[in-house]
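Line order of the protein sequences matches chains A and B. Quick note: the first sequence uses my numbering, first residue 1, plus one each step. Quick note: the second sequence uses my numbering, first residue 1001, plus one each step.
Heads up, some of the hints might be wrong.
To be verified - Cβ-Cβ distance ranges computed for the label pairs, FRET-style:
hint, chain 1, residue 1, chain 2, residue 2, range
1, B, N1007, A, P84, 49 to 55 angstroms
2, B, G1137, A, G239, 41 to 47 angstroms
3, B, G1137, A, Q147, 36 to 42 angstroms
Stated by the list, open to error - In silico BS3-like links for lysine-lysine, alpha-carbon gap of 30 angstroms or less:
hint, chain 1, residue 1, chain 2, residue 2
4, B, K1208, A, K202
5, B, K1190, A, K188
6, B, K1132, B, K1006
Calculated from the structure, these hints are not laboratory results. Since the structure is predicted, the reported quantities are computational estimates derived from the model, not experimental observations. Just so you know, even glycine gets a beta-carbon here, dropped at the ideal spot from N, CA and C.
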Amino acid sequence: MEAIYKTPDSMIDTPTHYCPGCGHGIIQRLIAEIIDEKDIRGKTIGIAPVGCAVLAYNYLDIDTCEAAHGRPPAVATGIKRVHPDKIIFSYQGDGDLAAIGLSEIIHTANRSENITVIFVNNAVYGMTNGQMAPTTLLNQKTLTTPQGRSEQCDGAPLRICELLSVVDGSRFIARTSVTSPKNIIKTKQLIAKGFNTQIQKKGFSLIEVLSPCPVYWRMSSVESMKFIDNEMTKAFPLGIFKDWESQN
Amino acid sequence: MTLTDKNKKYLLTGNEACAEAAIQAGCRFYYGYPITPQNEILTHMAIRMPQAGGTSIQVESELAAINMVHGSAAAGARAMTSSSSPGISLKQEGISYLAGSELPCVIVNVQRGGPGLGDISPSQADYFQAVKGGGHGDYHTIVLAPSSVQETADLVFDAFDLADRYRNPVMILGDAQLGQMMESVVFNKKCEPNSFKKDWALTGANGKKRNIIKSFYPVRGELEKFNAKLQAKYSLIKSKEVRYEEINTENADIVIVAYGTCARICKEVLMKNKTPNIKVGLLRPITLWPYPSQIIQEISEKVRAILTVEMSAGQMVEDVRLSVSGRCPVHFYGRTGGGIPSPKEIIRKITEIISVKEEITSAT
Ligand SMILES: Cc1ncc(C[n+]2csc(CCOP(=O)(O)OP(=O)(O)O)c2C)c(N)n1
Ligand code: SF4
Ligand SMILES: [Mg+2]
């Protein structure tokens, strides 16, 4: 009998440490499926962040490098410069990429390093128990914004795709979500496009994925998906912000 | 400008010699950020790296630089970054990750005055930071301290081999004086860029077991085991890699312990023989970690006193005291904030120490 759904070859068949309803597991599975479908496991090197995805190498069965908090784009640059023909991607949370690592991501995009970044925006710091992230919505309650995020005190949510799309060196920038089978399929297509951008040596690509953190949103899994669809997408509209293919 | 004739002498600054030696040692990945007094390293790399088929990038910060070194080292290449004191402070988290991930690389610190922005003149005030860890966790970098342009070049060659041999970061600890001055230099040191098998490096898991480069050990007991492995490696390094230069220590009344620029100045004191009634010797540590404790202990059993001279308020002197363990008096003479000890000042200090000692011994 033909298996129509199985653990991807590039994925280790083991329970993850992610909380029920978390988006990290879905996104990492999509990456594994893409690596299998493109048959690039043997030349792919991933960068695991400091954040809930720190143990990504326990699930993705590929060569992996750890990176200090916020520095995956620098580590990816260092690897890519040594192995220009290998496929290098970094996997980063919103604290990692949009707070402590903002400088690295902008300059890596600006140098148009030929790497792919998977940016998981869950609007909180998951690993450190739910503090405000640069992407936390206005009025969203977190451990460090107990009255809700205030624009005056904490600033407004930082829109990374919009920011990076005006950086000359970025080539493919898109935002997507994992709230429905349709959106998950779309996310897979966009991440695959990011890898294609790299394979065709077009330069820097980043795919932002709006992803649920039910635990620190204090919501059920279903409520979390609705929160993304109804609230998060208002601050973070889905879509393609830059595409080398459609620019002349 | 090609500098690759092994029989030829070139007139270069310490910084240029450092950069050139790195390239000739097989370093093909350099990441730097401008800061005086080490800018000539970036400039030299920008010209010479492309000629050698390598990559030299001026990056956005010292944080980016050290983490790019992390990436290139993880990918199996010889990689280097350089900076001066404030920039080296910024790199500390990265150095700790490199040590924790057992990645070989070379980090150059052309020390300047501190704390804070300090000034751009020579200093040795980053000794503690360099040899005691600097970043977080129980780790060591191998620290090499040249005292001439030629030795800077030679130690850079050695640094890359040591880094690969022990899978450990190696630091070259120079200063503004050594980096800026010009001397003749030959690049003929033996070095073995291709003799280290890096089967742990990240190349993609093509037809082999996949590799993971990490320093994270969340399962109880794993980290302690890993630290024990690191400590065993450090013990091995301590037993095999200590280096020093010893001058006139036989029958000396007093032995000066000094490294780098200060050791050069102290050599002058010895050569000028301005203290005809006092026999002065010099012990110059070349490795600051591992520290030449054993030889200092042996010396301390034979001399009347030891004098440590530094461009700091007294940092290396702590390791001298630990080595001596009370076997003889340990004195200190230091200048800070761009002050450089002069031979005259050092001679005055020596005479002071010996005559005071004389008075005490004659009184008892
Ligand atoms: C230099 C440094 N600062 C702080 C931390 C603590 N820390 C670990 S993960 C994290 C935030 C992670 O949030 P995010 O990047 O959004 O990832 P998530 O867990 O939400 O997926 C922080 C602040 C650290 N490890 N290193
Ligand atoms: S804390 Fe949030 S992001 Fe982290 S594993 Fe749990 S649900 Fe996922
Ligand atoms: Mg997050």
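Hints, one by one, checked against the model:
1. For N1007/B and P84/A, the hinted distance range of 49 to 55 angstroms is not satisfied, since their beta carbons lie about 35 angstroms from each other.
2. The hinted range of 41 to 47 angstroms is satisfied by G1137/B and G239/A, whose Cβ atoms lie roughly 43 angstroms apart.
3. Roughly 37 angstroms separates the CB atoms of G1137/B and Q147/A, a value that falls within the hinted 36 to 42 angstroms.
4. At most 30 angstroms may separate the alpha-carbon atoms for a hinted pair to count; K1208/B and K202/A meet this at roughly 29 angstroms.
5. Note on K1190/B and K188/A: the hinted pairing is violated, with a Cα-Cα distance of about 51 angstroms set against a maximum of 30 angstroms.
6. As the CA atoms of K1132/B and K1006/B are separated by approximately 36 angstroms, the hinted pair breaks the 30 angstroms bound.
Comparing the model with each numbered hint stated earlier shows that hints 1, 5, 6 do not hold.
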